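Model the full structure from these sequences, guided by the hints.
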Amino acid sequence: MDLVADPAIVHLAQLIAGDASLLFVTGAGISADSGLPTYRGVGGLYDDAHTPDGIAIEDALSGPMFQRDPGLTWRYIAQIEQACRGAQPNVAHRVIASLERRLSRVVVLTQNVDGLHARAGSRELIAIHGDIHRLQCTRCDWRQRVSDYAGLAPLPRCPACDAVIRPGVVLFGEQLPTRETERLQAELELGFDAVVSVGTSSGFPYIAAPVQFTNAGGGVSFEINPGESAVSRLVSRRIRQGAAAAFSALEQHLNPS
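Going by the numbering used here, the first residue of the sequence shown is number 3, and it counts up by one from there.
Among the hints, a few may not be true.
[Stated by the list, open to error] Have a look at the derived ranges for each label pair, beta carbon to beta carbon:
#, residue 1, residue 2, range
1, Leu192, Leu157, 37 to 45 Å
2, Gln81, Asp21, 42 to 50 Å
3, Gln254, Ala58, 38 to 46 Å
4, Pro228, Glu191, 15 to 23 Å
Read the hints as simulated data drawn from the structure, not as lab findings.
As the structure is a computational prediction, the values presented were derived from the model and not from experiment.
Think of the CB as a built atom: it goes at the ideal place given N, C-alpha and C, for glycine as much as any other residue.
Set out below in structure tokens:
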């Protein structure tokens, strides 16, 4: 199918032309075309049920495990960061960032911790699971952003107080950050003309909720996803393609040569 002629793409382009307010909800699929693996939105490295340490990756990357054995959790966090190292924003990230400059109100809610939306230029960003490149001390107020983990020790420690540091990400079993959840709730209460779910299984209730809120408020909901998800039967329009292909088509429709 010619994606430029896809009725759902055309519909989304028409809403954009009318200065619609948009919420993009993104998951691992939007970064797949940047070369990032897509394991459950985290890192794509662990398709098997267990890690080489004989435990599930969800346990290795959990808050309780970090409390008991931070070195083990860091081992897998570092492997995920290495797999993501050098990735660049792709056309989907760039088009979303350009729409923020073009329209009156565009917000991005992302589960991804790769920081690619910010690097593409998105500023109205709710990174609900944090950013793997932000480090913070577990004891004091020390914070730092790093481009990669190349210079870190296997168990990094704070240069100010020597406590173990951690990435600013939500580990399995941890609560979501209050600031981000409150921002999301406030944005949903304002409402959106359209919500676009991109490359996510929408398995978490707070990721599926924007589609439900928008539908209930009379808005239009889209899904860009080659597979099925928890919101596939709820959305108004489906675009059964990968993110890069769909956004390339959208860009062509918005900016015909």
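Taking the Cβ atom of Leu192 and the Cβ atom of Leu157, is their distance within the range 37 to 45 Å? holds, 43 Å
Take the C-beta atom of Gln81 and the C-beta atom of Asp21, compute their distance, and say whether it sits inside 42 to 50 Å. holds, 44 Å
Is 38 to 46 Å respected by the C-beta to C-beta distance linking Gln254 and Ala58? Once the Cβ atoms are compared, 43 Å apart, the range 38 to 46 Å for Ala58 and Gln254 holds.
Could you say whether the range 15 to 23 Å given as a hint is met by the Cβ separation of Pro228 and Glu191? violated, 32 Å
Hint 4 alone, counting from the list given before, is not met by this structure.
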